[in-house]
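Colleague: Residue numbers (the numbering used here), protein chains in the order written: chain V, 363 to 1063; chain A, 4 to 116.
Just to be clear, a hint being listed does not mean it is correct.
[Stated by the list, open to error] Quick list of the computed label-pair ranges, beta carbon to beta carbon:
id	chain 1	residue 1	chain 2	residue 2	range
1	V	N1028	A	P6	33 to 41 Å
2	V	K1024	A	P6	52 to 60 Å
3	V	L1030	A	L63	16 to 24 Å
4	A	T33	V	K1024	34 to 42 Å
5	A	T58	V	G1060	18 to 26 Å
6	A	A90	V	G1060	34 to 42 Å
7	V	G1018	A	P64	51 to 59 Å
8	V	W1058	A	P6	38 to 46 Å
9	V	L1047	A	Q61	44 to 52 Å
10	V	G1018	A	V81	49 to 57 Å
11	V	G1060	A	R101	44 to 52 Å
12	A	I96	V	M1056	19 to 27 Å
13	V	W1058	A	A90	39 to 47 Å
14	A	T58	V	M1056	24 to 32 Å
Bear in mind the hints are in silico, worked out from the structure with no lab data behind them.
Ideal Cβ placement from N, Cα and C applies to all residues, glycine included.
For reference, the chains in residue letters:
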Amino acid sequence: MTKNLHLWVIPLLPLIGAAINGLFGRRFKNAMVSAVALLFTAASFGWAAWAVYSLWPGGLAPHIETLFPWITAGSFSAPFGFYLDQLSMIMVLVVTGVGFLIHIYSVGYMSHEGGYYRFFAYLNLFMFFMLTLVLANNYLLMFVGWEGVGLASYLLIGFYFLKDSAANAGKKAFIVNRIGDFGFLIGMFLIIQHFGSLNYDTVFNKIAEGHFAPETGWGVFTVTALCLLFGATGKSAQVPLYVWLPDAMEGPTPVSALIHAATMVTAGIYMIARSHAIFNLAPHALEIVAIIGCLTAIFAATMGLAQTDIKRVLAYSTVSQLGYMVLACGVAAYAAGIFHLMTHAFFKALLFLGAGSVIHAIGGEQDMRRMGGLRKKIPVTFWVVTIATFAIAGFPPFAGFFSKDEILGAVFHSPYGGPVLWTIGVITAGLTSFYMFRLWFMTFFGEYKPDADLGDAHLTAAVHASPAAHGATPHADSHDDDSHGHGGVHESPWIMLAPLVILAALSVVGGWVGVPQFMGGHNEIEHFLAPAMESRSAVAGEAAAPEHTESLASPIGEIGKENKGTESTSEEWLLAGTSVFAASLGLFFAWLFYYKRRELPDRITTKIHGIYTMVLHKYYVDEGYGAIFVKPLLALSTVVFWRGVDQGVIDGLVNGAGTTSKGIGNQLRRMQSGNIRSYAAWVALGGAAVIAYMVWLGVSK
Amino acid sequence: MIPLSWYLMLSAVLFSIGVFGFLLKRNIITIFMSIELMLNAVNLSFVAFANYWNTHPQMLPSGARMVPLSGHVFVFFVMVVAAAEAAVGLAIIISVFRTRETLNVDRVNLLKL
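Please put together the full structure from these sequences, using the hints given.
Modeller: Right under this line is the structure:
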């Protein structure tokens, strides 16, 4: 530790902003609220940038700052400290940078909303917790941030708390996350038990010094890794706990962009990447990580195909992209995962903000079937969304291409991945491209039809909050009432467009830091992240290889080799070409179905009605969870815990105590009848008793 | 010489008659008389003890000789207090009778809840 960077200032600044806005914001004017929120977020970004800059050239060793011992119990101690290495550098810059842009956007987007100060207080609070999460130097402090972002997410999803669906979505997000947190907690306990500490330093050094061989069976590392993975599935919306994220779209759009696309949901990926030393020693766990990521990617992508709510399409797309990142972690290509995390933060935030801009423009409508032809009316939004769409679909030279290609390449070569997972990944890429261009064509091309009759509204209503309900949101109302009373489609103000333009630029150039070698680039991001990702595991891997079984130690070595770019260049080109081909195929079909021959989708959906309905209902997963978990739990709670334990035992005890004393009192009450002669009788009886006692004393002597 | 126990038994019988009269009778005059009866039962035992100690002198542990007159003095006190009580009590009874037209204590229960 050469230099004190005061890293604690980075999370503290948004907390001050949250405190000021939360405590006094009610009395502030909107301009004052936004000034406070923006100032502290910008300052945080500035401080983070300065900290990264001052570590830049020699930023090889992680920079650790311990402020004070926080929790000490016996031999265990968790300090309150911060940790800045290449991984957290990227995370901090993404969180504060994208966060700041979204704050700016929110000033415009939320300007007509009630609870303006509340929104910014929550948003700043989220920034505080997220920065704590990524900067923590031990798992426990990370967990504090982890829970804190869950809280902020809950508050912001339920921002329109008068709307039932929003309040329920908030609860759902919180509860589902709690289930994942359980796994994370168990994982932490296992780490404490085996390493006696939760500090990254201590744990990873111990792992490196231990020269463990990768586990063949179900050992400590595998179980710990699986527990951590379970935590990540909750926060990062992976199968089986992804169900909360689509519902989280009930929150205001900037929230969806910041929390449920760009930053919070990537916490799970960050956590896995941070724990890579543990995962590297657990090949079984890695395989499961890869499978879960792959499953999530393809399932969410298919679910995104049939959605008509613009934000829900983006939500499923987010789940799918998070699946990619987890898949990357599962094949031990953590750097690729983090790279995709970064580019995804740019283009998905841009997509959400662009969608917000579209929604804003047409007065709160979210159903894509009521959009169309907006290309000419909101040109700036159109162009930035176009860039983002091309970026997420994976067309070169946009950012998404490089990161996705990096992941798919790693999957293909990895012993944990292989051609099967790679094929699914490529299909997912094609689906991604299809539904994103579907969104693009439906929104911006064709004719504007704000009053389109949604023939299957009853069907939609069963799936999610009906379009009518969306129309009745406070959000929509305020837009109708205020300056947008003229009802015309209009471009958003520049305070909303400026962040879009910046993010669009980042979505284009963001991928250029990871141009792979076969294309003549240097893959800077991989080399940049290498010290944080590889050093310790490489040490462990190389040291372990000679002593232990070759076959199990080799995967890590192989990944290291792959990163040096020794594989054949033509194969790389082929892989990249395949994914671009898949994306083009998606574009072509989207163009065919939603631009050229618009009657086709209807005909196809009627033909494959069964499958279509299933996809539209998201494979009935929510209903299934409801039937398998929620209903029995509810019944158990109602019958056993509520009626049985609570009402029977606890209430019985309390009421029993009450009834008993009441009964005794009732009996004793008879002594005080108010009848003087009965009192006299008591006195006489008492006197007689005393005399009898004395007589008995005398007799017995 | 009549033994002490006879006096005490008579006293106990008188006291018990007083107690039961007090408890069972409803007429306030009778109750009053029962109270007097109890007082006099106690008076009887006082004088009986005083007489007994007079004829069977005892040494106190301190060495002083016991003065048995205290029993008689108590009786006088009790009689004086009883006379005063009778005066006040009868006055109350008369005023109660004037207002309520009855001497039944069960119907003089304004203070009862």
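Colleague: Does each hint hold? Answer for all of them.
Modeller: Status of the hints after comparison with the structure:
no.	hint	in the structure
1	N1028/V - P6/A: 33 to 41 Å	violated (51 Å)
2	K1024/V - P6/A: 52 to 60 Å	holds (55 Å)
3	L1030/V - L63/A: 16 to 24 Å	violated (45 Å)
4	T33/A - K1024/V: 34 to 42 Å	holds (40 Å)
5	T58/A - G1060/V: 18 to 26 Å	holds (23 Å)
6	A90/A - G1060/V: 34 to 42 Å	holds (40 Å)
7	G1018/V - P64/A: 51 to 59 Å	holds (57 Å)
8	W1058/V - P6/A: 38 to 46 Å	violated (23 Å)
9	L1047/V - Q61/A: 44 to 52 Å	violated (34 Å)
10	G1018/V - V81/A: 49 to 57 Å	holds (53 Å)
11	G1060/V - R101/A: 44 to 52 Å	holds (50 Å)
12	I96/A - M1056/V: 19 to 27 Å	violated (36 Å)
13	W1058/V - A90/A: 39 to 47 Å	holds (41 Å)
14	T58/A - M1056/V: 24 to 32 Å	holds (25 Å)
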